[in-house]
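Participant: Sequence:
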Amino acid sequence: MYTFYSDQKKETPVSSVYRDPFSIRYGYARANETQEADDFGQDFLAFEVKERSLVFAVCDGVSLSFCGDLAARFLSEELLQWLGSQTPEELKDESLIKEKLTEHLGELTAKGTEAIRRHRLPGSMPPILREVLEEKRTNGSETMFLCGRIDMADDITHKAHVFLASSGDLRLRLWGEAEEISNPHITSDTKKRWSTKDGIIGGKIQIATGSTLKDTRRIAVYSDGFSTIDGLNTLPSTDQLQILVKKSLQSPLSDDLSFLDIAW
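Read left to right, the sequence shown gives residues 9 to 272 (the working numbering).
Quick caveat, the hints were computed from the structure, so don't treat them as lab data.
There is no bait here: all hints are sound.
Straight-line Cα separation of at most 25 Å, DSS-like style, residue types lysine-lysine; simulated pairs:
1. 212 - 200
2. 100 - 167
3. 58 - 108
4. 199 - 119
5. 106 - 58
6. 58 - 167
7. 119 - 205
Taking CB as the label site, the calculated pair distances span:
8. 121 - 25: 34 to 40 Å
9. 92 - 165: 20 to 26 Å
10. 121 - 244: 41 to 47 Å
11. 100 - 138: 47 to 53 Å
12. 143 - 198: 21 to 27 Å
13. 241 - 31: 15 to 21 Å
14. 108 - 132: 39 to 45 Å
15. 21 - 185: 25 to 31 Å
16. 97 - 46: 42 to 48 Å
17. 254 - 97: 41 to 47 Å
18. 106 - 138: 38 to 44 Å
Model, not experiment: these values are computed from the prediction.
Backbone N, C-alpha and C fix where the C-beta goes; we use that ideal spot for every residue, glycine too.
The whole structure should be built from the sequences, with the hints applied where relevant.
Facilitator: Set out below in structure tokens:
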């Protein structure tokens with residue numbers, strides 16, 4: 009088994025790992041301003057490879073909510089657990105699994121609300137900022153997410169069953185054996201998110217599974233902080249990706265950045 013959880017107070021350069029049958033590249037970086045303040049990043053990235061399956065979650069905390077980094081970490085960890093508890097057959101039934109995940113996301117509000125209630129703000133925090141955050145605490149912490157599970161079905165043809173779920177504006181790119189393929193089932197929407205107080209807000213979660221993803225051989229998921237690669241038809245080398253990460257962080261409008269690339 010191989011597991012990765014991002015450290016929200018530390019950068020992870022673009023790295024690569026192979027766990028049969030998955031080739032994985034991943035990276036994490038806080039915005040320049042966040043690094044200078046030695047603050048927590050609002051993104052969270054996690055994945056786990058176990059036998060012939062891989063589960064992942066990428067969350068982008070909403071900075072205008074109460075400590076969006078908390079919701080991002082909490083939901084990522086919960087989604088990984090939930091994805092790992094499902095069977096491949098359950099994940100193939102789109103309507104059933106959408107209902108199950110929606111229900112689960114609603115049930116998580118009780119646990120999420122308690123986590124927010126117990127969170128202590130630093131004693132050194134300026135009184136004015138503390139007052140603002142305490143007001144936000146009543147409305148909970150929010151995050152956008154994109155998660156999924158990949159189960160290898162045939163090592164010879166490299167076919168796998170892929171399940172994806174999303175709420176928010178995380179980027180998703182899919183490739184087949186030779187070229188990038190379109191995916192109309194998972195689209196970016198800045199109004200959608202998950203809240204520790206209210207569950208899913210802004211609209212229903214999006215699901216893609218079964219035959220709609222049968223030709224997929226590679227997936228890339230990343231937060232809007234890495235939008236510099238939006239226009240690239242193919243993903244560059246690991247070294248070049250790290251150069252692009254540094255370039256993204258040099259922007260005056262730099263944002264936290266999470267990146268995950270999975271091929272099989």
